[in-house]
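Those protein sequences? They're chains A and B, same order as listed. So my numbering is basically just the index in the first sequence, starting at one, shifted up by 1398. So my numbering is basically just the index in the second sequence, starting at one, shifted up by 1398.
Check before you lean on any hint, since a few could be wrong.
Unchecked claim - Where chain B lies over chain A, by a calculated footprint (3+ residues, C-beta under 8 Å): (1) 1405 to 1415; (2) 1434 to 1440.
Claimed, not checked - One side only, chain A facing chain B, incomplete, derived with CB under 8 Å: (3) PRO1443; (4) ILE1444; (5) LEU1449; (6) ALA1480; (7) HIS1498; (8) ALA1525.
What the hints assert, rightly or not - Computed footprint of chain A on chain B, listed as stretches where at least three residues anywhere in the stretch have a Cβ under 8 Å from a Cβ of chain A: (9) 1407 to 1417; (10) 1549 to 1561; (11) 1576 to 1588.
Everything labelled a hint here was simulated from the structure, so no lab data went into it. We put the beta carbon where it would ideally sit given N, CA and C, even for glycine.
2 protein chains.
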Amino acid sequence: MALKGIAPSILAADFARLGEEVGTVLAAGARVIHVDVMDGHFVPPITMGDLVVKAIADQVHEANAKIDVHLMIERPEEQIRAFAKAGADSITVHAEATPHLHYALQAIKEAGCLSGVAINPGTPAEAISAVQADMVLCMTVNPGWGGQAFLDSSIAKLQRIRELIGDTPAVQVDGGIGKETAARCAAAGATVFVAGTAVFGTQNPAAAVKAISTATNG
Amino acid sequence: MALKGIAPSILAADFARLGEEVGTVLAAGARVIHVDVMDGHFVPPITMGDLVVKAIADQVHEANAKIDVHLMIERPEEQIRAFAKAGADSITVHAEATPHLHYALQAIKEAGCLSGVAINPGTPAEAISAVQADMVLCMTVNPGWGGQAFLDSSIAKLQRIRELIGDTPAVQVDGGIGKETAARCAAAGATVFVAGTAVFGTQNPAAAVKAISTATNG
Chain A
1399 MALKGIAPSI
1409 LAADFARLGE
1419 EVGTVLAAGA
1429 RVIHVDVMDG
1439 HFVPPITMGD
1449 LVVKAIADQV
1459 HEANAKIDVH
1469 LMIERPEEQI
1479 RAFAKAGADS
1489 ITVHAEATPH
1499 LHYALQAIKE
1509 AGCLSGVAIN
1519 PGTPAEAISA
1529 VQADMVLCMT
1539 VNPGWGGQAF
1549 LDSSIAKLQR
1559 IRELIGDTPA
1569 VQVDGGIGKE
1579 TAARCAAAGA
1589 TVFVAGTAVF
1599 GTQNPAAAVK
1609 AISTATNG
Chain B
1399 MALKGIAPSI
1409 LAADFARLGE
1419 EVGTVLAAGA
1429 RVIHVDVMDG
1439 HFVPPITMGD
1449 LVVKAIADQV
1459 HEANAKIDVH
1469 LMIERPEEQI
1479 RAFAKAGADS
1489 ITVHAEATPH
1499 LHYALQAIKE
1509 AGCLSGVAIN
1519 PGTPAEAISA
1529 VQADMVLCMT
1539 VNPGWGGQAF
1549 LDSSIAKLQR
1559 IRELIGDTPA
1569 VQVDGGIGKE
1579 TAARCAAAGA
1589 TVFVAGTAVF
1599 GTQNPAAAVK
1609 AISTATNG
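With the rest of the complex left out, here is chain A (with noise of 0.2 Å):
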């Protein structure tokens, strides 16, 4: 089944007590949880690998939530085996990260996961239009550097992205979600809305997670 509504990217969570975190957002209604792995080769920070899904696999799945692995990694192919195997339900690589791009969407079916591929804010929605996947993650900011905010170029890309592969799949955003941005999102055809910072930096993640669902009809 597809990816839905509001996932919190636990990036912005404080990892002493991550499993606290992840409790906060899943009682509030989330049902997907973002994890963002960076390698600080095709972004420059270096964040968190496979072991981080395996601590918190258990507790997703038992609240019926998905964990949604966001590669931005070079050679992300060589990483799909031990993300699926530590308990990610899709996997997302980037079209600019790897010159395997079919190869390594197939990869990720053929372990079990729903497929995703990202393209960032310089990369055109074409990019995308030789591959099928499950998802289209359209970065609204440049990852792995912080304090950005949302491109506005991104709602035209949206809607290109949306003409390119048709009603199904499910398109997410990533970077700058808030509640305003994601309803304009949302609009232009994105199912699936990333949040950190708007989350998990906040005095009450609980209500944030259900004010960004309650924006984008969640």
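Start from chain A and add chain B according to the hints.
Frame of chain A, contents of chain B only:
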């Protein structure tokens, strides 16, 4: 001040409740918390980045303990500032990971941290002989692959490292370390003992910390 004694590696801890796990080993007397950073390039897995250091820094420092970062990554010189800023007290880079070993060690010192140089099992002790560091890390298994046993050839290498660097710098061992191997390494000149599974993989991590400390006269 040089690092000393047991250094529990959080790689083997439960990442859903990392603060609690760190609290347990600090209460048992550990004064060094070892952070294994892997990027999926220098070694196959991706593990954790500076956000994890940041999450535990206050807790570790309030216990008058140190955060010891082991960079198993390519181009380590590019990550030193991020880890120093997050709260690392010592940073170790691999001799095999960069053509700029001297530069990397200088950058660590300039960032205000203790500097460490690590060598893999296939690298001779002499690889560290042209640099000066506060610590030498002698890998006692090959990093990045699980389930390996302590390499007996490490004992002679530790003795050779002590001949090369004298008595002052710390010498760390990492891989397959439990109380018996730790005692053998201590007798060969090691002063810092990284233990992951032997601590967090047991029913009683606190008892494991104490047993390894006792075995090494810590």
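A quick look at each hint next to the structure:
Under the rule that three or more residues need a Cβ within less than 8 Å of chain B, the assignment of the stretch 1405 to 1415 of chain A holds, with 5 such residues. Figure legend: the stretch 1434 to 1440 of chain A, annotated as covered by chain B; annotation consistent (5 residues with Cβ-Cβ distances under 8 Å, at least 3 required). For the restraint placing PRO1443 (chain A) at the interface with chain B, the shortest Cβ-Cβ distance is roughly 6 Å, inside the 8 Å limit, so the hint holds. Of the supplied interface hints, the one on ILE1444 (chain A) holds, with its beta-carbon coming within about 3 Å of a beta-carbon of chain B, less than 8 Å.
Proximity of LEU1449 (chain A) to chain B holds as hinted, the smallest CB-CB distance being about 6 Å (cut-off 8 Å). Hint on ALA1480 (chain A) holds. Least Cβ distance to chain B is approximately 7 Å, under the 8 Å limit. For HIS1498 (chain A), the interface hint is violated, since its Cβ never comes within 8 Å of a Cβ in chain B; the closest pair sits about 16 Å apart. A cut of 8 Å between beta carbons decides the hint on ALA1525 (chain A): the least distance to chain B is about 23 Å, and the hint is violated.
Under a criterion of three residues with beta carbons nearer than 8 Å to beta carbons of chain A, the stated coverage of the stretch 1407 to 1417 of chain B is upheld, 7 such residues being counted. Three residues within the 8 Å Cβ limit are the bar, and the stretch 1549 to 1561 of chain B against chain A gives 0, so the coverage statement is violated. Check result for the stretch 1576 to 1588 of chain B against chain A: violated, 0 residues qualifying (beta carbon to beta carbon below 8 Å, three or more required).
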